[in-house]
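Asker: Sequence:
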Amino acid sequence: ETEPDSAMLKLAEMADGFLHHNRPILRGIDDSVIRPAAARAIVIRSGRGLAPTALPLETGIPLLATGGQQKNAIALSNCSQAILGPHTGDLDSLSTCQHFHRQREALCQLYQCEPQYIVHDLHPDYYSTRWARQQSLPTIEVQHHHAHIASVMLEHGLLGEQVLGLVCDGTGYGNDGTIWGGEFLLASSKEFKRVGHLMPFSLPGGEAAIHEPWRIAAALLSSACGTERAMEICDLQFMSKSAKSILPLIQSGNHSPKTTSLGRLFDGFAALILERDESRFDGEFPMLLEARATQNSTTAPYRFPIIESSDHYELDWREAIEQLVLDLQSDCPETEMATRFHLGLASGLCDGVMLVPDVPIVLAGGCFQNRLLLELVVDQLRNRGRNVFWSQRLPINDGGLAAGQLAIASALISQFS
1 ETEPDSAMLK
11 LAEMADGFLH
21 HNRPILRGID
31 DSVIRPAAAR
41 AIVIRSGRGL
51 APTALPLETG
61 IPLLATGGQQ
71 KNAIALSNCS
81 QAILGPHTGD
91 LDSLSTCQHF
101 HRQREALCQL
111 YQCEPQYIVH
121 DLHPDYYSTR
131 WARQQSLPTI
141 EVQHHHAHIA
151 SVMLEHGLLG
161 EQVLGLVCDG
171 TGYGNDGTIW
181 GGEFLLASSK
191 EFKRVGHLMP
201 FSLPGGEAAI
211 HEPWRIAAAL
221 LSSACGTERA
231 MEICDLQFMS
241 KSAKSILPLI
251 QSGNHSPKTT
261 SLGRLFDGFA
271 ALILERDESR
281 FDGEFPMLLE
291 ARATQNSTTA
301 PYRFPIIESS
311 DHYELDWREA
321 IEQLVLDLQS
331 DCPETEMATR
341 FHLGLASGLC
351 DGVMLVPDVP
361 IVLAGGCFQN
371 RLLLELVVDQ
381 LRNRGRNVFW
391 SQRLPINDGG
401 LAAGQLAIAS
411 ALISQFS
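In our numbering, the protein residues as written are 1 to 417.
By construction, these hints were calculated from the structure, which means they are not laboratory data.
Keep in mind that a hint or two might mislead.
Claimed, not checked - Ranges of calculated distance between the beta carbons of each label pair, as one might list FRET restraints:
#, residue 1, residue 2, range
1, F416, D125, 45 to 53 Å
2, E114, E1, 51 to 59 Å
3, K10, T294, 39 to 47 Å
4, I25, E334, 40 to 48 Å
All residues carry an ideal CB built from backbone N, CA and C; glycine is no exception.
Generate the whole structure from the sequences, applying the supplied hints.
Answerer: Take a look at the structure:
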């Protein structure tokens, strides 16, 4: 909020006083948020003191990338650089969408750039996608997780190479129209192949499961233990009668889209370990689970085996759920269960990565805001002789998407011209 009168009106019930200045705020910008991890830093939010962030990128023509829906930030190419603007926010409200347009106009004015293409996400319901498609300029659509990988490639000068991207986040629209989020993608700046992913599970009630992770917990129990045993476990645990009532819904597949999202898997495990059912804000359950865990190498990890088929592989979480149920029934401490989950998940992810040899490894997506998970994966992969890269100047979450969108669009334009 940049207008004093509006701020006083909106914040009157929570603020005891207001400090004004006689100079108006011309361009509102949030504070940057940075977290130390793996002896480096990861950017959670790029704002004051960091943005705009410019990286070398030869595009030939000016481009505008609109980013994603959550943690939105736009990016601009002025033919020789990719310039990521400051944090805009979640495009779920009118005020944030208006801020999106102010940021776009300010960035174009600052760099005296008139884009000739607009680059956007695949997701048809993102505001950034709908706005891009309504414009008169030609558009280029880029898959969400490919953009995550390209953002890291751009930052580390890897755009000319093939990499294996391990992309772990909450939601991304896949090429098959399902919700991705736990992906092993063999990628270049022009294309990618999905070589592996998290074993799919149901989201009972669709988006409602994001706000009520007990739904995800019930789906995981049903898949790993069977419906009858899941009902017995629901009786023994914190879960309400509602959990039992949706088990038939899960079995039928109605209103229960499948996902491979690691962020949602975190939600389901956290709901069981912490015995909580409703999330108050995005990322609350994974944050609480990380806070409970320790980097204790003597703790036995849960098992996340890899299941291989002829054309891809899956990271299987069912055995980990069965082990967790035994721990819950024996009143195992939350700290020990949270630690076992992190250790096992990191080991399983690294096992999946090692199936693709001889290429650099890129870690991307909002799940790697989790310092413990990032450090466990980085340490294990380095101990196995792999080169590992992740974002350190650009946001590791969806705030860095637009930079990756620019990199991919530039490569595609260069290829076809």
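Asker: Next step is simple, just say for each hint if it's right about the structure.
Answerer: Hint check:
1. Distance hint check for F416 and D125: the Cβ-Cβ separation is about 28 Å, which falls outside the suggested range of 45 to 53 Å.
2. Taking the beta carbon of each, E114 and E1 are about 30 Å apart, not inside 51 to 59 Å as hinted.
3. The hinted range of 39 to 47 Å is satisfied by K10 and T294, whose Cβ atoms lie roughly 41 Å apart.
4. Between I25 and E334 the C-beta distance comes to about 44 Å, which sits within the given range of 40 to 48 Å.
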